[in-house]
Amino acid sequence: MNRLMETIYLRQTKDVILNLPTKVEKVIIPWDLTEFFQQLTKIWQIYSEKLVHLVENLNEFLQGKQGIQRPKAVVFSSFVACLEIIEKALQEKQLGSTWLLGSLDLGRQDENLAQFQSDPNCNILLGSIQAAGVGIDLQCAQIVYVM
1 MNRLMETIYL RQTKDVILNL PTKVEKVIIP WDLTEFFQQL TKIWQIYSEK
51 LVHLVENLNE FLQGKQGIQR PKAVVFSSFV ACLEIIEKAL QEKQLGSTWL
101 LGSLDLGRQD ENLAQFQSDP NCNILLGSIQ AAGVGIDLQC AQIVYVM
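Note that UniProt numbering has the sequence shown beginning at 1, numbered continuously upward.
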């Protein structure tokens, strides 16, 4: 029995215990999986090749290479963070856009929709699928992107 215990149990005498280094305690915080996947999704959205292609395609479309007089485009996404990243990329290219999100009050949503429909400098509507997916008039748009 002693031989078996020697392989898994280390017995120390008092003189050895006094020479041991101080005890190190480290608090390990468990991962919050929800936050982890949110951050992972955000990184995916930032570095997505789709974003690069979208901005290039929108830029070509809005320059009128397809022969459309007043080109208008709608970009849908389920992620508001993705739309924010797209807006920053569009601002760098100086492309006018507006929002249609569920977090906006109804008056602001109507203003943004009217701006998109009538303002020639506002060519892109960025909308969440939940808010802009049903019940609004998007007939002025010629192309739709779903991210």
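These are calculated hints, taken from the structure and not from any lab test.
Incorrect hints may appear among the rest.
Pairs of lysine to any residue residues, derived as SDA-like cross-links and limited to a Cα-Cα distance of at most 25 angstroms, are as follows [claimed, not checked]:
#, residue 1, residue 2
1, K50, F76
2, K88, F76
3, K88, A114
4, K72, D110
5, K42, N121
6, K50, I29
7, K72, V24
8, K14, I28
9, K88, E49
10, K93, G135
Note that the coordinates shown come from a computational prediction; the quantities given were computed from them, not determined experimentally.
To see whether the hints hold, each was checked on the structure:
no. : hint        : result
1   : K50 to F76  : 13 angstroms, holds
2   : K88 to F76  : 15 angstroms, holds
3   : K88 to A114 : 22 angstroms, holds
4   : K72 to D110 : 17 angstroms, holds
5   : K42 to N121 : 29 angstroms, violated
6   : K50 to I29  : 35 angstroms, violated
7   : K72 to V24  : 62 angstroms, violated
8   : K14 to I28  : 31 angstroms, violated
9   : K88 to E49  : 16 angstroms, holds
10  : K93 to G135 : 30 angstroms, violated
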